[in-house]
Amino acid sequence: MDCNQVFVSKVKKVIVVFTLLIAFFSIKVNAFAQVDSAVVPVDSVVAKSAEAVSGEHGVVEHGKEKFEPTKVIMEHIADSHMWHFWGHTSMPLPVILYTANGIEFFSSGHFHHGKEDYNGTHNTYRLVEDQIKVVGTDGSIDEVASKSILDFSITKNVAAMFIAIAFILIIFISVAGTYRKRIGKAPKGLQSFIEPIIVFVRDDIAKPNIGHKYAKFMPYLLTTFFFILFNNVLGLIPIFPGGANVTGNIALTFVMALGTMIIVNINGNKYYWKHIFKPDVPFWLYPIMIPVELIGIISKPFALMIRLFANITAGHIIVLSLISLIFIFETLWISPVSIAFVIFMDVLELLVAFLQAFIFTLLTALFIGMAVEEHH
Amino acid sequence: MNPLVLPSIGLVFWTSIAFICLLIILRKFAWKPILGAIHEREQSIDEALNKAELAKQEMTRLTSQNQDLMQQARAERDEILKEAKTLKDGILNEAKKQAQVEGAKLIEKAKIEIENQKKAALAEVKDQVSSLSLEIAERVLRTQLDDKTKQEALVANLLKDVELN
Chain A
1 MDCNQVFVSK VKKVIVVFTL LIAFFSIKVN AFAQVDSAVV PVDSVVAKSA
51 EAVSGEHGVV EHGKEKFEPT KVIMEHIADS HMWHFWGHTS MPLPVILYTA
101 NGIEFFSSGH FHHGKEDYNG THNTYRLVED QIKVVGTDGS IDEVASKSIL
151 DFSITKNVAA MFIAIAFILI IFISVAGTYR KRIGKAPKGL QSFIEPIIVF
201 VRDDIAKPNI GHKYAKFMPY LLTTFFFILF NNVLGLIPIF PGGANVTGNI
251 ALTFVMALGT MIIVNINGNK YYWKHIFKPD VPFWLYPIMI PVELIGIISK
301 PFALMIRLFA NITAGHIIVL SLISLIFIFE TLWISPVSIA FVIFMDVLEL
351 LVAFLQAFIF TLLTALFIGM AVEEHH
Chain B
1 MNPLVLPSIG LVFWTSIAFI CLLIILRKFA WKPILGAIHE REQSIDEALN
51 KAELAKQEMT RLTSQNQDLM QQARAERDEI LKEAKTLKDG ILNEAKKQAQ
101 VEGAKLIEKA KIEIENQKKA ALAEVKDQVS SLSLEIAERV LRTQLDDKTK
151 QEALVANLLK DVELN
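These protein sequences, in sequence, are chains A and B. The first sequence runs 1 to 376 under UniProt numbering. The second sequence runs 1 to 165 under UniProt numbering.
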């Protein structure tokens with residue numbers, strides 16, 4: 001299926017970028033090594049002692065500041081209990097934990113970036129690599145108890161999603177108000193920006209793929225389209241209201257794909273189910289065909305889930321990698337190159353933001369269309 | 001497994017709730033009025049376009065009708081003119097004929113008159129001639145009869161005539 005293709009191509013992209021990063025790294029290390037080896041023969045004793053001193057010093061100093069691009073990038077694209085703004089400024093977010101003894105509710109600010117434990121009502125908690133763990137009585141992490149708690153915190157992604165939803169609600173409800181006020185008149189302002197997109201979703205996504213029953217699915221398709229679009233676009237903004245990798249998180253794409261799967265299978269008519277359980281093939285092929293069709297039910301939304309997740313995550317990784325170049329080379333002179341590439345990638349990601357919202361909606365419409373098709 | 005591809009329960013939960021709420025709210029407060037309004041407007045535009053098309057057809061129909069009427073009127077006018085011309089010609093011819101007849105009559109009358117006048121004139125001339133001859137004769141006689149002998153001769157002559165008769 002094309003999902004694999006897309007995923008593979010994205011993974012390749014990521015691999016290429018990482019390979020390049022590693023290549024830069026090794027070149028730098030080699031260069032230093034060569035310099036060192038050239039220096040050593042001249043005055044080996046002095047050099048070695050000096051190296052040892054500076055090395056020790058370097059470990060102490062650079063150990064704190066040592067830049068690890070993979071770690072930084074993963075931190076940025078992963079979910080977090082804090083909303084990091086800049087430097088040491090970050091916004092604590094509420095933590096909600098479901099434990100066997102009851103629900104815990106506190107601010108993630110109590111962890112002080114993982115430096116301190118928090119004594120909750122039922123347990124003591126510690127933040128380890130942005131995961132909340134239960135601390136046992138002996139001061140070490142109790143893995144069994146940690147597995148049993150469920151983390152329903154308002155994380156950075158959840159908060160970013162709520163912000164996107166707030167934007168969507170404000171924009172669309174106000175636009176709906178404009179429609180009520182200006183009945184039968186030409187669109188104006190925000191309305192004329194939104195209307196072509198709505199008409200596009202209706203005329204180019206829903207109608208050709210679903211057919212005359214399209215009206216029933218319009219709310220779902222439109223909500224999906226704008227939800228993904230707003231989250232994608234907000235994810236591209238590096239500062240506060242955006243910056244979270246919401247649509248590049250597999251949990252969100254999982255929910256979206258699950259929604260599509262449910263809608264498709266609830267609305268599947270008898271032809272759809274006949275196609276799965278009694279396909280038009282010789283009966284002895286049934287043992288192969290029926291499992292294949294059943295896997296198809298899962299694999300189609302699975303493709304949706306992976307496609308959106310991989311596209312957005314890959315975009316974020318590439319942009320962050322390009323920014324990381326500045327810190328890897330430890331020079332400002334590389335920044336024009338980085339910024340030029342980042343601008344290029346951002347423009348590309350803007351296209352991808354629209355494209356992925358479009359593709360997700362289009363394929364959802366296509367699957368719905370296949371499920372509600374009347375004749376064969 | 002990489003935590004990147006491991007959906008966390010919290011985000012799944014919040015996304016589900018948020019998305020379902022968003023879907024319900026938007027369906028009620030946004031999509032229904034927006035799609036309804038767009039649909040209505042499209043219909044009204046379609047209707048207006050259809051109406052315009054009809055009006056255009058009506059227009060062309062009226063124009064052609066007008067043209068027909070004009071043509072008809074022109075033809076009628078031509079006919080009337082033609083008729084008038086023939087009528088005029090007829091009247092003229094008749095008048096001419098009548099004039100000719102009248103003229104002929106007048107000429108005839110004039111001729112008769114002339115004839116009459118001529119006769120009268122001739123008669124008068126005859127009278128005058130006879131009276132003049134008588135006068136001349138008288139004068140002649142008078143001059144001749146001054147003499148006695150001559151008178152006698154005349155009488156004798158006259159008598160001779162009478163005797164002959």
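Simulated from the structure, these hints should not be mistaken for laboratory data. Treat the hints with care, as some may be off.
[What the hints assert, rightly or not] With beta-carbon atoms standing in for the labels, derived distance ranges:
| no. | chain 1 | residue 1 | chain 2 | residue 2 | range |
| --- | --- | --- | --- | --- | --- |
| 1 | A | K216 | B | E42 | 16 to 22 Å |
| 2 | A | N267 | B | R61 | 47 to 53 Å |
| 3 | B | L49 | A | N267 | 56 to 62 Å |
| 4 | B | E76 | A | D203 | 54 to 60 Å |
| 5 | A | L350 | B | E47 | 38 to 44 Å |
| 6 | B | E47 | A | N267 | 29 to 35 Å |
| 7 | B | L49 | A | I298 | 46 to 52 Å |
| 8 | A | G211 | B | Q57 | 30 to 36 Å |
| 9 | B | E42 | A | G211 | 16 to 22 Å |
| 10 | A | F327 | B | E42 | 53 to 59 Å |
Just so you know, even glycine gets a beta-carbon here, dropped at the ideal spot from N, CA and C.
Earlier hints that do not hold, by number: 3
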